[in-house]
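Trainee: So the chains spell out like this:
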Amino acid sequence: MSAAPMLALSCVSAGYGSFPVLFDVSLQVRAGESVAVIGPNGAGKTTLLRAISKLIPLTGGHIAMEGRDCTAVAAHDIIGLGIAQVPEGRRLFPRLSVEDNLRMGAYLPAARAKFDQRLEMVYALFPRMKERRAQLAGTMSGGEQQMCAIGRALMSGPKLLLLDEPSAGLAPVVVQSIFEVIRKMSAEGYTVLIVEQNVQQVLKVVDRAYLLETGRIHASGPAAELLADAAVRRAYLGV
Amino acid sequence: MDQIFDIFFLEAVLNGLLLGGLLALLSLGLNLIFGVIDVVWICYAELIMVGMYTIWWLHTQQGVPLPLAFGGGIALLAVLGAALHQFVIRPVLAAEPINQLLVTGGVLFLLQALATVAFGVEFRNLGVRIPGVVVGEMSLSGARLVAFGMAMVAIATTYLFLNRTYMGTAIRAISQDRAVMPLMGVDASRVYLLTSAIGGALAGLAACLLVLQYDVHPAIGLSFGPLTFLICVLGGLGNLIGGFVAAFVFAQFISVGGFFLQLEWGYVIAFVFFIATMFWKPEGLLSKRAGR
Amino acid sequence: MTRSRSIGLVLLLLLAAVPLAGPGNYLLHLMVMALLWSYVYTSWSIMGRLGLVSFGHGAFLGIGAYGVVMLWNHWALSPWLGMPIAVLLSLAVAWVIGLPCFRFKIVGHYFALVTLALSEVARLIIVGLRDHTGGSLGLTPKSDLAAGATMSLKAMQFADKAVWFYIAMAAWLLALLVWRAVDRSMSRLALEAISEEEDAAASIGIDVTRTKLRVTLLSAAMTCIGGVLIAQYQLYINPETVSGISVSLQMVFGAIAGGLFVMLGPTFGAVFLLVLSESLRVLIGNKVLGVDITIYGLLLVLFIIYMPKGILGTVQARLVGPGR
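The listed protein sequences correspond, in order, to chains U, S and E.
Each residue of the first sequence is one higher than the one before, starting from 1 at the first, in the numbering used here.
Each residue of the second sequence is one higher than the one before, starting from 1 at the first, in the numbering used here.
Each residue of the third sequence is one higher than the one before, starting from 1 at the first, in the numbering used here.
I should point out that these hints are in silico values taken from the structure, not numbers from a laboratory.
Quick reminder that beta carbons are idealized off the backbone N, C-alpha and C, glycines included.
Among the hints, erroneous ones may be present.
[To be verified] For the chain S half of the interface with chain E, some residues (derived, Cβ under 7 Å), not all of them:
(1) Val92
(2) Val103
(3) Gly142
(4) Pro226
(5) Val233
(6) Tyr267
(7) Phe271
(8) Phe273
(9) Ala276
(10) Met278
[To be verified] In silico contact screen, one side only, chain E against chain S (beta carbon under 8 Å); selected entries:
(11) Trp95
(12) Ala181
(13) Ile245
[Stated by the list, open to error] Derived DEER-like restraints, expressed as beta-carbon distance ranges:
(14) Asp131(E) - Ala156(S): 58 to 68 Å
(15) Tyr306(E) - Val153(S): 38 to 48 Å
(16) Ser279(E) - Tyr214(S): 29 to 39 Å
(17) Tyr306(E) - Ser13(U): 41 to 51 Å
(18) Arg281(E) - Asn125(S): 53 to 63 Å
With the sequences and hints as input, model every part of the structure.
Mentor: So, in C-alpha cells, the structure goes:
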C-alpha cells in the first residue's frame, strides 16, 4: 500500500442545521477501485455524497484526497481536485441543450482546453447523446438524462466519479444499461463511488461495498461477500 | 381617412421602430438581472440617469472626448451594478421578494436625490448634434438611428455571449438550477456579481444612447422606468426574447399614439393595451415561466 | 375594561384635548399632517399586510385629490358629492387592475411593477390634462371663504386648523377600526395563508380572489378619501406630491418602517417620516435641494436590510420573544 487512497473519509459527521445525519463515518476508495455504499432509505447515503462534494459542511472528521486534507476546500473548488458528482435526480439544466449541459461539465479552465476530445469520448460512450446534442435536456427520458448527467461529470476528466442513486426512478431495462455503462467505466480504470438503493445490481458491478444504516457504517467488504451475506440478503434482497 | 396613409404616419411608425430598439436594450438589462438572480432593480432607470449625468459631466464639464465619456459612463455603471448587488441586494437575497423591491426603491430615491444635490433640477443637454436623415418627406432623427444601430449590436453581442461562451452558458444555467452549480466548479455568487455588472454595463450603454437624444434631469428615470417594467412584464419577466418583442410593440403604441395625440397619451394608451393584455394573457405574451 | 384599553382611551382623550391647549399653528399643522398621513398609510397597509404590496396607491390618492378639486373648480360640485364620485372611480380602477392580477395569481414582482406603472400613468394623465389640472404647476381649489369667514361646509374648507385636527383624527381612528375589523373578520391563519400559500388557503374554502379583491377595493377607496382630505386641507396639490411613484413608495416605506403587521405600525411610520423630514428641513433648510430625500432613501435601504420588521414590529418581537 504505497500510495494514499484516492479518497479517505475519517470519522466524518454531517447533517442539515441542527439535524445530524452522519455519525463518525470512515471509508476509503483506492485508485482504480469501484466502491458502493448501500443502505436503506434515510440512511444518509445522499448526505454522504453531498458532504464529500462540500454541498453541506462537515460537523466533524476529515476528508482527504490522495493523501491531502481537503476538509476546508470550498464546494466550487472540489471539482478542481478531480472529484465530479452525478447528483441524485440527474439535475440537468432543463432548458439547456444536451451539448450545453456537457459544456457546463467542462467549465473548469483545465477542462475547457480538452473540451473537444472529451466531448468525442462522451459521445462515443453514449451515442444517443450525440444524436440529441441540440435537444433541450428537460425533454429527454429519464434514462437519457442519466446518460447525459454521467457524461457531464466525465467532461471534467475526473479522477474520482461520485454517482448518487443512478438507477432511481428508471425503468428496469434502462437500469440495466446504466449499470452496464458503470461496469464499463469501472473496467476502464475509473475510480467510482456509487451510492445505491438497488443492491442486487450494484453489488454485481463494484469491487467493494459499505453498508450505511442510520448514519453509521455497519459493515464493509468485497462486493461478492456482501452479496452472499445472510443479513444483507434478508434486509435488502428480500430473501 | 387619407391621413392614415400619410407619409408622416409612416414616419411615426419608423420612429416607433427606432424607439423599439432602444426600449429593447433597456428591457434586456432588467430581464437579464431578473432571469438570473430573480430580483427586479426598481432603480434601473435611475442607474441610467446616473450614467447620463456622468457622460454629460465628463464631456461638457471636463472636456473629455465623447467616446471616452461614453466608455467612462459604461464602466462606472458596470461597477455600480456590481456594487448594488454586493452591498444592497445580497443582504436581502434570502428575504421576501418585497424586501428586494423596497431596497431598490430606496436606492431609487437615493440616486434621484444625489443627482439633485450634485447637479440641481435643471435640464442638462449634451450639446451634441447628430445630423438627421431625410428620406423623401420623412425626416428621421440621426441620434435615433445611431441609438437603434448600437442597441441592435449590443443585443446581438449579449445573445452571442450568453449562447457561445462558458460564462454565458453558466449564467443561463444558474437560473435553472442554482444548487448544483458548485459541482461544476462555478462560484454562484461570482456569477451573480458578473451578471450585475453586465446589467449595469447595458444600462450604461442605454445611457449613452439616451443622452444623445434627451436632456437629463434627476427625475428623467420616471419617464422610461415604469415603461421598461411594463415591457418586461408583458414579455414575461425574465424572458429575453419576450421583452425584445414587447419593446417593439409598446414603441409602436407610443409612437403612433403620440402621433395622433400628445406624447403622454401614447404612454397611457400603451398602458391600457397592457392592462387589456393582462386580462387576456396574464403570464405575458411569450412567457416561459408560469405565474410568477 | 382591560388595562391596555383604558390606557388607550386616556391617551386618545389626551390627544383630543391637544387643540384646546392652544399649541400654535405650526404644531397643529404638523399634527394634522401626521394624522392624515397615518390615515393614508394605514389604508395602504390593509392590503399590504396580505402580501398585496401595491406600489401604485398614489393613483388613488391622486384621483381623490384631483377629482374633488376639479369638480369643485369647474362645476362647483361640493367635495362632499365629489368624494363619492372619486371613490367610485378609484374602485373601478382598483377592480380593473386587481381582477386580472388576482384571478391569474399575479402577485409578487409582477403585481408590484404593474401597480408602479399605474401610479405613473395616473400622474401622466394628470399632467397630460394640463388645461384642466394645471399640469405640473399644481391646482388650488377655489376659495369659498368670503371675507372674514373661517369655514365653508359646502366647500369642505375650514380655515381653523383645529377643525381639521378633529377631522383628521376621526379619519385616523376610523382607519384603525377598519384595520382591526379586517384583521378579525378572517382568522389569523387565514390571513397568513392567503398571503403565503394560496393553494392551501383555497383548499380550506377561502375564496382567495374575492377576498383579495375586496380588500383591495377597500384600501383603494380609503386612500382615495385620504387624497380628498389632503387636498382640502392643504388647498394646493400638484401631481408629484399626490400621485406618482414618489408618494407611492413613501406609503410603502412609511407603513413598513413603522411595522406592517402591527395596527399602529403605519401610524408610527408616518410620524417617523414627518419628524424626519421636518428636522431635516430645519437643520439643512432649503439651501441644498434633495438632501432630505437622500437621507430618506439611505434610511429605507438600511431599514430593509437591518430592520425588515419595521421599528414597531421589531420592538414588539423583542418584547414578545421568539416563538411568536
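Trainee: State the violated hints by number, sorted upward, taking the hints as numbered earlier in the document.
Mentor: Per hint list: 3, 8, 9, 11, 12, 14, 17, 18 violated.
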